[in-house]
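Chains A and B are the protein sequences, given in the same order.
Residue 1 is where the first sequence starts when you use this note's numbering, and the numbers rise one by one after that.
Residue 1001 is where the second sequence starts when you use this note's numbering, and the numbers rise one by one after that.
It should be emphasised that the hints constitute simulated quantities derived from the structure, not laboratory data.
A couple of the hints might just be wrong.
Straight-line Cα separation of at most 30 Å, DSBU-like style, residue types lysine-lysine; simulated pairs [claimed, not checked]:
1) B/K1061 - B/K1106
2) A/K11 - B/K1068
3) B/K1106 - A/K11
4) A/K11 - A/K57
5) B/K1068 - B/K1109
6) A/K71 - A/K11
7) B/K1068 - B/K1106
8) A/K57 - A/K71
9) A/K57 - B/K1061
10) B/K1106 - A/K14
11) A/K57 - A/K14
12) B/K1109 - B/K1061
Here is how the chains run, residue by residue.
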Amino acid sequence: DTGVSQDPRHKITKRGQNVTFRCDPISEHNRLYWYRQTLGQGPEFLTYFQNEAQLEKSRLLSDRFSAERPKGSFSTLEIQRTEQGDSAMYLCASSFRILSGNTIYFGEGSWLTVV
Amino acid sequence: AQSVTQPDIHITVSEGASLELRCNYSYGATPYLFWYVQSPGQGLQLLLKYFSGDTLVQGIKGFEAEFKRSQSSFNLRKPSVHWSDAAEYFCAVGTGLGSYQLTFGKGTKLSVIP
Chain A
1 DTGVSQDPRH
11 KITKRGQNVT
21 FRCDPISEHN
31 RLYWYRQTLG
41 QGPEFLTYFQ
51 NEAQLEKSRL
61 LSDRFSAERP
71 KGSFSTLEIQ
81 RTEQGDSAMY
91 LCASSFRILS
101 GNTIYFGEGS
111 WLTVV
Chain B
1001 AQSVTQPDIH
1011 ITVSEGASLE
1021 LRCNYSYGAT
1031 PYLFWYVQSP
1041 GQGLQLLLKY
1051 FSGDTLVQGI
1061 KGFEAEFKRS
1071 QSSFNLRKPS
1081 VHWSDAAEYF
1091 CAVGTGLGSY
1101 QLTFGKGTKL
1111 SVIP
């Protein structure tokens, strides 16, 4: 396994601009997750996909956020009209669903700073 | 709703000393429990997990954790801490079939004194 890969690792953007993060999960993992982590906090669940279907979205995911996983492989997370409160690390994770539970593997994260 | 409490925000131990990080969870059903470690500016690495069976689970880097249902706890232990263990540690509970959503505690930062 090459691990979960995220790009870019760091992004500085001006308030009001759009940003997009990409995540490449571990190959053959059919589940993909996005989490957000702010300083001094644990990660918070945003959304998850099983294959290409987005099955769950947190109330944290405002209308300015959109996530896609078009072919059930990589995923993108787009934030439109960024706000300073969006500054955080965005973590992608993946897993392979099995009935008895699964292990979720995280990427290195994408840091977003909105100035 | 599920929740995880890590009572200790910051712990400092001497190298070679033993370590115990506390974790308490709230969840109505049988929980899936995890400990992750995060180095500064990095992602999360899984240390160990509990799904069922033996309540004492072994993980990587010499860590272990014990699930105590009566106390709703899943404390992480290591008999002898190394300087490289300095990091932030997160306890998490998984919910849903196949634990598709993790709820994390706020983390415990571990400092190690040489």
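- Please work out if B/K1068 and B/K1109 have their alpha carbons no farther apart than 30 Å. holds (23 Å)
- Query: When you check the alpha-carbon spacing of A/K71 and A/K11, does it fall within 30 Å?
  - Reply: holds (25 Å)
- Message: Run the distance test for B/K1106 versus A/K11: straight-line Cα separation, threshold 30 Å.
- Response: holds (24 Å)
- Message: Between the alpha carbons of A/K57 and A/K14, is the straight-line distance 30 Å or under?
- Response: holds (26 Å)
- Compare the distance between the alpha carbons of A/K11 and B/K1068 with 30 Å, and conclude whether the hinted pair is satisfied. With Cα atoms ~42 Å apart, A/K11 and B/K1068 exceed 30 Å; violated.
- Given pair status - A/K71, A/K57, alpha carbons within 30 Å: holds (19 Å)
- A/K57 and B/K1061: Cα distance at most 30 Å? violated (34 Å)
- Message: So if I understand the rule, the pair passes when the alpha-carbon distance is 30 Å or less; does B/K1106 with A/K14 pass?
- Response: holds (29 Å)
- Message: Check whether the Cα positions of B/K1068 and B/K1106 lie no farther apart than 30 Å.
- Response: With Cα atoms ~20 Å apart, B/K1068 and B/K1106 stay inside 30 Å; holds.
- Between B/K1109 and B/K1061, does the CA-CA distance stay at or below 30 Å? holds (17 Å)
- Task: Assess, step by step, whether the Cα of B/K1061 is no farther than 30 Å from the Cα of B/K1106, and give holds or violated.
- Result: holds (22 Å)
- Message: For a C-alpha distance cap of 30 Å, please report whether A/K11 and A/K57 respect it.
- Response: With a Cα-Cα distance of about 24 Å, the restraint between A/K11 and A/K57 holds, given a limit of 30 Å.
Going through the hint list in order, the structure does not satisfy hints 2 and 9.
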